[in-house]
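From first to last, the protein sequence lines stand for chains C and F. Using my numbering, the first residue of the first sequence is number 19, and each one after it goes up by one. Using my numbering, the first residue of the second sequence is number 19, and each one after it goes up by one.
For the record, the hints were derived by calculation from the structure and aren't laboratory data. It cannot be assumed that every hint is accurate.
Note that identical chains are pooled: a pair holds if it fits in a single copy or bridges any two copies.
Pairs of lysine-lysine residues, derived as BS3-like cross-links and limited to a Cα-Cα distance of at most 30 Å, are as follows [what the hints assert, rightly or not]:
no.	residue 1	residue 2
1	K186	K458
2	K140	K458
3	K248	K186
4	K140	K53
5	K235	K140
There are 2 protein chains.
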Amino acid sequence: MNEIRVGILGLGTIGMGAARILIEQQELMSRRLGKTLRLVAAADRNLDRDFGLDLSEVRLTDDANEIVTADDIDLVIELIGGYEPARTFVARAIEHGKHVVTANKALIAKHGEALFPLAAEKGVAIGFEAAVAGGIPCLKALREGLAANAIESVYGILNGTCNFILTKMENEGADYADVLKEAQALGYAEADPTFDVEGIDTAHKLSILAAMAFGSKIRFDEVFTEGISKISAADIEAVHDLGYRIKLLGIAKPHKDDSGEERVEMRVHPTLVPLAAQIAQVSDSYNAVQVSGDFVEHTMYFGRGAGERPTASAVIADVVDIARVCSDGSADAVKYLAPPMGFVESARKELKTLPIADIRCEYYLRFMVQDQPGVIAAITSVLSDHRISLEALSQKERHATQAVAIVMLTHETTEGNLQAAISRITSLTHVEEDVLILRKESFGA
Amino acid sequence: MNEIRVGILGLGTIGMGAARILIEQQELMSRRLGKTLRLVAAADRNLDRDFGLDLSEVRLTDDANEIVTADDIDLVIELIGGYEPARTFVARAIEHGKHVVTANKALIAKHGEALFPLAAEKGVAIGFEAAVAGGIPCLKALREGLAANAIESVYGILNGTCNFILTKMENEGADYADVLKEAQALGYAEADPTFDVEGIDTAHKLSILAAMAFGSKIRFDEVFTEGISKISAADIEAVHDLGYRIKLLGIAKPHKDDSGEERVEMRVHPTLVPLAAQIAQVSDSYNAVQVSGDFVEHTMYFGRGAGERPTASAVIADVVDIARVCSDGSADAVKYLAPPMGFVESARKELKTLPIADIRCEYYLRFMVQDQPGVIAAITSVLSDHRISLEALSQKERHATQAVAIVMLTHETTEGNLQAAISRITSLTHVEEDVLILRKESFGA
């Protein structure tokens with residue numbers, strides 16, 4: 019077909035961005051595509067406002083059901099967000115034979131595995147490039163650009179709010195709570211920032227990246243997740259003195275144990291990255307995804323991870339991809355599309371997730387202790403019992419309390435062994451309970 | 019078809035990498051693709067050697083004509099390099115109805131515009147991701163991932179040899195000639211390094227990127243090209259003191275003049291980039307392409323720009339892309355492929371290249387002068403005549419000669435105006451002829 023008729027669910031920030039591209043860049047889209055993308059209809063609960071865009075050619079409705087069932091729509095863009103009613107509308111659109119494009123990471127992370135077979139059955143595609151790292155075409159890179167590679171690791175700075183906060187804490191020596199307030203005032207953080215700062219948003223995105231990298235199923239519930247709210251300005255400084263920077267990373271790696279069983283390691287946590295690493299240079303609210311493959315070595319994809327215009331750019335890229343291959347809107351169309359996860363559906367594997375206790379890392383540890391003789395000796399003695407050796411150790415005075423911070427960098431050990439040691443250390447006299455444990459990653463680039 | 023039969027022309031470094039992926043990653047490729055990629059045949063002039071890979075299932079020949087005309091080959095990978103005989107073999111393969119994938123930037127930059135219509139006529143695709151920035155899937159990002167955007171600028175570090183030399187000069191305070199020798203000893207630079215260090219290789223790649231970004235034709239001959247061979251350790255230091263780093267960049271931007279005529283600016287030269295810019299962090303032999311679009315804002319793609327394995331990764335990504343859409347090998351196949359330049363052929367434009375005299379830049383100028391009273395006054399007076407104002411000026415002693423280096427950073431002016439001023443300045447008494455002119459770019463990210 020020479021015209022792809024598009025409907026949008028949700029005219030919020032990103033919805034308006036997508037509408038703007040479809041209307042204002044229509045000629046450019048046609049030059050690229052040889053087909054016309056036409057915005058036919060849009061649904062939003064609040065239609066009584068100034069959209070700042072001429073929508074006179076667009077059928078507006080406050081009932082999303084009209085869009086997902088309409089006969090004159092080939093592709094539905096879902097930009098409602100959240101689990102419900104987004105899931106219901108997407109499922110209904112698919113059932114009515116419509117391709118779907120979404121920016122909804124929560125939806126794909128949680129319900130993708132139920133929606134993909136439905137789409138395959140109906141011969142339609144689901145595009146979700148905008149769900150991970152906003153405007154950056156990183157899913158396309160992983161799925162198609164690196165198709166020749168067995169993926170060895172994925173590291174992502176996937177949440178702009180956290181990266182903004184960490185950058186500002188480092189640049190200004192400011193504490194977490196103060197910077198968070200500032201980020202909220204600037205609109206970079208929500209009134210309830212839990213989803214962002216506790217790593218849940220990053221975990222949604224990581225679970226999608228991991229499935230695409232390794233041909234496994236999306237297992238959001240199995241991602242080990244820690245946020246940035248326990249990090250102090252003093253930690254950032256201590257880490258910097260050791261030659262590192264703290265970034266909230268989503269990390270995914272494949273494993274094969276001695277018996278040949280494959281597993282996937284998935285974790286989200288504040289991470290020490292070497293100051294010279296490419297990913298350490300990603301500051302403010304920018305996102306980046308570093309993917310290493312056995313042939314391509316290290317690659318990195320950088321850009322805006324959120325915002326009306328960048329996210330809409332990724333949404334429309336998916337629309338263009340789908341429009342390129344859908345010749346007649348029939349069930350045949352989808353077979354020309356890359357399968358949504360970059361692997362043929364039947365070749366995807368039920369890979370188990372590596373338990374967090376089994377991962378191997380180097381660690382940054384910060385203990386708060388009372389400044390008594392023998393405390394360091396007691397701590398290092400426990401570590402030694404657990405065969406955890408140290409790369410660095412320093413003692414810093416903290417101004418706000420009477421306690422003293424002891425900072426250590428360990429050599430590699432398993433998480434399980436480390437946690438056992440920490441548990442013994444925090445039961446020592448003169449050692450306070452709030453230990454900060456950060457994991458360190460080395461980067462080839 | 020469920021099997022794509024591949025032939026390789028040239029079993030050099032990259033050819034062996036491509037063969038290795040096709041053989042060693044066959045199962046992974048099938049999982050991703052749902053089809054089998056089979057290496058059927060390969061041609062090389064020297065077959066009497068140990069390939070370090072089991073090629074017993076592969077028909078080997080020293081006659082490339084056998085491959086490009088073979089009935090049992092669907093897709094030919096051209097890895098001979100250079101203009102001829104590569105062009106002849108590629109044209110012949112297309113005439114015989116075979117898809118072509120190549121890593122040959124010289125070929126595409128020079129002969130692409132003749133080969134694309136031939137391929138369209140025969141209903142086959144030409145893939146050349148590997149021709150630009152090696153393993154980095156940047157053409158895919160530009161063509162597909164950013165399809166919703168009018169592209170506002172493209173900046174590329176596209177030659178690993180130059181980036182390696184500049185990084186080493188900066189890190190070690192070493193001079194160009196010494197570092198070049200070291201790069202040659204390490205195999206990073208050719209015995210005759212002209213192609214790399216004088217910017218020609220970068221210009222090949224830039225001309226392809228520009229055509230893809232703006233939907234224009236490839237105009238390699240119109241790229242303004244300067245290399246890095248005139249840069250001294252002292253320049254790198256002086257630039258660093260001003261807050262910049264020197265990178266050899268390929269730069270492409272669109273222009274619209276007052277009459278509405280669109281033009282494209284294409285230039286390759288050593289460029290001052292702010293130390294904090296993302297692209298300034300790209301060191302050693304790494305490549306990166308920064309693309310900014312009107313919706314996506316700034317994006318950057320980073321990775322290995324050369325080498326057996328990374329380049330082969332990009333070659334096979336193209337093979338996978340073509341295999342995904344070629345259902346029956348007929349002339350229909352190509353219509354499902356993105357047009358090679360990211361624009362429908364009939365929508366591509368004959369955009370004129372902006373003459374270099376019309377570009378606007380800020381400049382770094384280094385004059386060698388005899389230390390006489392009034393020299394600086396005389397120079398700045400000429401600049402003032404040309405309405406070129408200065409942002410910074412400093413005078414540095416040079417050890418090797420009696421002459422003194424005067425370093426300046428100008429505000430924005432046109433290249434034509436600057437060159438006119440320079441020509442007057444070099445005719446002044448006490449000013450030597452070898453002026454170094456570097457252009458400065460600002461970066462949003």
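Right, here's what the structure says about each hint:
1. Taking the shortest alpha-carbon separations for K186 and K458, both the intra-copy value of 21 Å and the inter-copy value of 28 Å come in at or below 30 Å.
2. Taking identical chains as interchangeable, the C-alpha atoms of K140 and K458 are never at most 30 Å apart, the minima being 45 Å within one chain and 54 Å between chains.
3. Taking the shortest Cα distances, K248 and K186 sit within 30 Å of each other inside one copy (15 Å), while across copies they are farther apart (40 Å).
4. Taking the shortest alpha-carbon separations for K140 and K53, both the intra-copy value of 23 Å and the inter-copy value of 22 Å come in at or below 30 Å.
5. Taking the shortest Cα distances, K235 and K140 sit within 30 Å of each other inside one copy (20 Å), while across copies they are farther apart (40 Å).
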